[in-house]
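One letter stands for each residue in the lines below.
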Amino acid sequence: MTDLSLHIPDTGPASDEAGLRDYWQLLKPRLMSLSVFTALVGLVIAPGGVHPFLGATSILWIALGAGASGALNMWFDADIDRVMKRTRSRPIPSGRVEPSDALALGLFLSVLSVVMLGLTANWVAAFWLAFTIFFYTVIYSMWLKRTTSWNTVIGGLAGAFPPMIGWAAATGSTPLDAWLLVALIFMWTPPHFWALALFVRMDYHVARIPMLTVTHGRDATRRQAFLYAVGLAVVSLATALSGIGGPLTLAVAVVLNGVFLKGAWDMWRRTDAEADADGHAAEKALFKWSLVYLFVHFAVFVVEAALHPYGGW
Amino acid sequence: MHRDHELHTRRKGRNFGLLAVLLAFIVLIFGLTVVKIQTGGFAEAFDHVSRPAIVPQDAVPEVSE
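Here the protein sequences line up with chains A and B, keeping their order.
Under my numbering, think of the first position of the first sequence as 6, with each following residue one higher.
Under my numbering, think of the first position of the second sequence as 41, with each following residue one higher.
Take the hints with a grain of salt, since some may be wrong.
[Claimed, not checked] Facing chain B, from chain A, some residues (calculated, C-beta under 8 Å):
1. Gly24
2. Val55
3. His56
4. Thr125
5. Val129
[As the list claims (entries may be wrong)] For lysine-lysine, the following DSBU-like pairs were computed, each having C-alpha atoms within a straight-line distance of at most 35 Å:
6. Lys33(A) to Lys289(A)
7. Lys293(A) to Lys267(A)
8. Lys90(A) to Lys52(B)
9. Lys33(A) to Lys90(A)
10. Lys289(A) to Lys90(A)
11. Lys90(A) to Lys76(B)
12. Lys267(A) to Lys90(A)
13. Lys33(A) to Lys293(A)
14. Lys52(B) to Lys33(A)
By construction, these hints were calculated from the structure, which means they are not laboratory data.
Predicted model only: the values in this text are computed from it and were never measured.
Every residue gets a Cβ at the ideal spot worked out from N, C-alpha and C, and that includes glycine.
Generate the whole structure from the sequences, applying the supplied hints.
Here you go:
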């Protein structure tokens, strides 16, 4: 028998061959974890019960659909990723994964996740998962991201759908309460991302991506972040007063939005020079609070749902 | 003594990873089948057996003793 290893050099392309971790990275696990969490909340708080095994597998397919979107996004954005520092080490620009492999993986997982969610839960949920993948890949990645500075706002809609898909998986319908969850994440995304964009000076200009900080300036970004924080507070209070809310949600929402608005206000009412002087303390504080905000807000929906038998609105 | 090249080790890891994913998928499909049959979702849609649960009460003839 021939020992192939004798003919393979110790360095070179061999060490660049993709491992499982590279394919895992293609699925954007951080974004997947957000989708899993919000979809799980949507599924749990939806009225009626769902078999635990069917619920868990539905969440798995939603996560897989989110991962498929990530792979398709990385396939299409490989040229951008190659020129930006933050993304240069991703599997495709670093040469570890072939673009065609990423495309094949993305398409395969898209079909698999949608079909399996349809068979596991229902076709309403499957439709919205397919729409989300389409929206993130075609509308956001291929179109908006490279053409308009509102890419963050409209593209954020793709990340907002998972709780509604979870709800649809449990009930087969998408009532107003489920759309309120979508609206909450939709309004949350811009100030969350713009706070990050203000303190991590990303090199979007190198890749010619029209981010708001580049096209309209950093002061305009600060103002827009505050305006969206106001909109977020309105939606948040609407959820607290809706069927998924209750007294506890209202109390928590008041605190969460109070701190968020104060943070967004502080970020707006200062200049870049002031931000540079204190190491972007306000921007970092708002970004961190936005993470706490989303987690606590969605967690309290679950607690409220558990408390509903004992009273609610 | 044979020593695996780093490439072989990496491929082996990838192949075993893929095996684990495929096995997990099989277990998942089997579990889904069991749960679907238990909850009757698919069976009810395609069987050809009358189901008393969906027959209107008025249509059920009374049985005289």
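message = Let me make sure I understand: some of the numbered hints might not hold for this structure. Which ones are they, in numerical order?
response = 2, 5, 11
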